[in-house]
Every structure is written in C-alpha cells, then in structure tokens.
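J.: For the sequence shown, the residue numbers in mature numbering (1 follows the signal peptide of the UniProt record, and there is no 0) are -19 to -1, 1 to 142.
Simulated from the structure, these hints should not be mistaken for lab results.
Remember, it's a predicted structure, so these values are computed and weren't measured experimentally.
Glycine included, every Cβ here is placed at the ideal spot set by N, Cα and C.
Certain hints may be false.
To be verified - Computed list of lysine-lysine pairs in DSS-like fashion (alpha-carbon distance at most 25 Å, straight line):
1) Lys128 <-> Lys77
2) Lys77 <-> Lys48
3) Lys38 <-> Lys80
4) Lys48 <-> Lys112
5) Lys77 <-> Lys111
6) Lys128 <-> Lys48
7) Lys128 <-> Lys112
8) Lys77 <-> Lys35
9) Lys80 <-> Lys128
Claimed, not checked - Simulated restraints on C-beta separations:
10) Gly33 <-> Ser127: 31 to 37 Å
11) Met108 <-> Lys38: 38 to 44 Å
12) Pro110 <-> Lys80: 30 to 36 Å
13) Thr28 <-> Gly79: 16 to 22 Å
14) Ser85 <-> Asp22: 24 to 30 Å
15) Lys112 <-> Lys38: 33 to 39 Å
16) Asp106 <-> Lys128: 19 to 25 Å
17) Val123 <-> Ser85: 27 to 33 Å
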Amino acid sequence: MAKTLLIITLALCVVAVNSHICLLSPRQRGSLRGINKAASDSCIRLTGPCGGQKAMKPTVTIAGGSKYTVVFQKNLNHWANGAMHGMFNISLGMVKSGKVEPHSFTHLASVPDTNTPSLWIYTQDVMIPKKSGSAVIQVIYVTDNSKAPAMFYQCSDIMIH
C-alpha cells in the first residue's frame, strides 16, 4: 500500500517534466530543481557511469537480499521505428574507497523501451544482492536511436544492510 501511494504521489508531482530520464526512487544524484520544466538540466546526464554527478549521502537504506521497486520516468520519448529498440538497464555497483568503478556494476534488470509517450513512469522490481555497505543504483536509458544521444545516465546513492 505504501509503495503504491509513493508511486502515485511521484507520478502526480512530476507530470510536467519533459527531459530524458529521471530516477525518482531511490532519488537521483544532484538537484531536482526545475524538473517540472521541459528539458530540465537536472535530468539530462550523458556521461557514464553517473552523469558526472558527485556522490551524495545515501537516500535510502535497503536490506540485502530483498526486493526493491525502482521508479523512473522517460521524460522524452526517444523510441524510433525500426528493427531495434532501446531499453532501460538497471544495475548496482558497490562503493569502495568513496568511489564506484564503472566496471563493477552488476546488472539487475532490463526494461524494453516501447513507444510509450514522454513522461511515462516506469516501475521495476529488482532483487538487491546480499551485500552490505554503500552502493549505487544506476539506470541507463539506451535509446538505440541514431538521432538521439546513445545513452542517458542516472544514479542514486543507497546503503545496503
């Protein structure tokens, strides 16, 4: 019930966003300022692994070995007609010495990019590995569209216990 209310609340709060991808739960790194304006700088991150955003204090604590619902929004539809279509990849990387190495991410889930409209809210359950410590949840929008950037990145700092 609480997760359903959270998802509905988040959807209502961000319906006017029109950029590329925002990570809503857990909360993305960096500012959320301006996300209710088209092409918000807070949601356009083009460099991996975390869009160039500095690490933050963990926004949520999650039990290792438990299920967690990741909530993100496709702010601008980059779906293209053709044989190949993009996807959203969700991964987890453990933090060591204050940093997460790009090659250390473990794939948790993929969500196909269908021709859903801009502003579409996605939810995806993932299984958090049985680990403990600081970690990063990463969502990458792989557009597979030659007329758009290849990938958009968002990360959230979490604690696993």
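J.: May I ask which of the numbered hints given earlier this structure violates, with the numbers listed in increasing order?
T.: Hints 1, 6, 7, 9, 10, 11, 12, 15, 16, 17 contradicted; others consistent.
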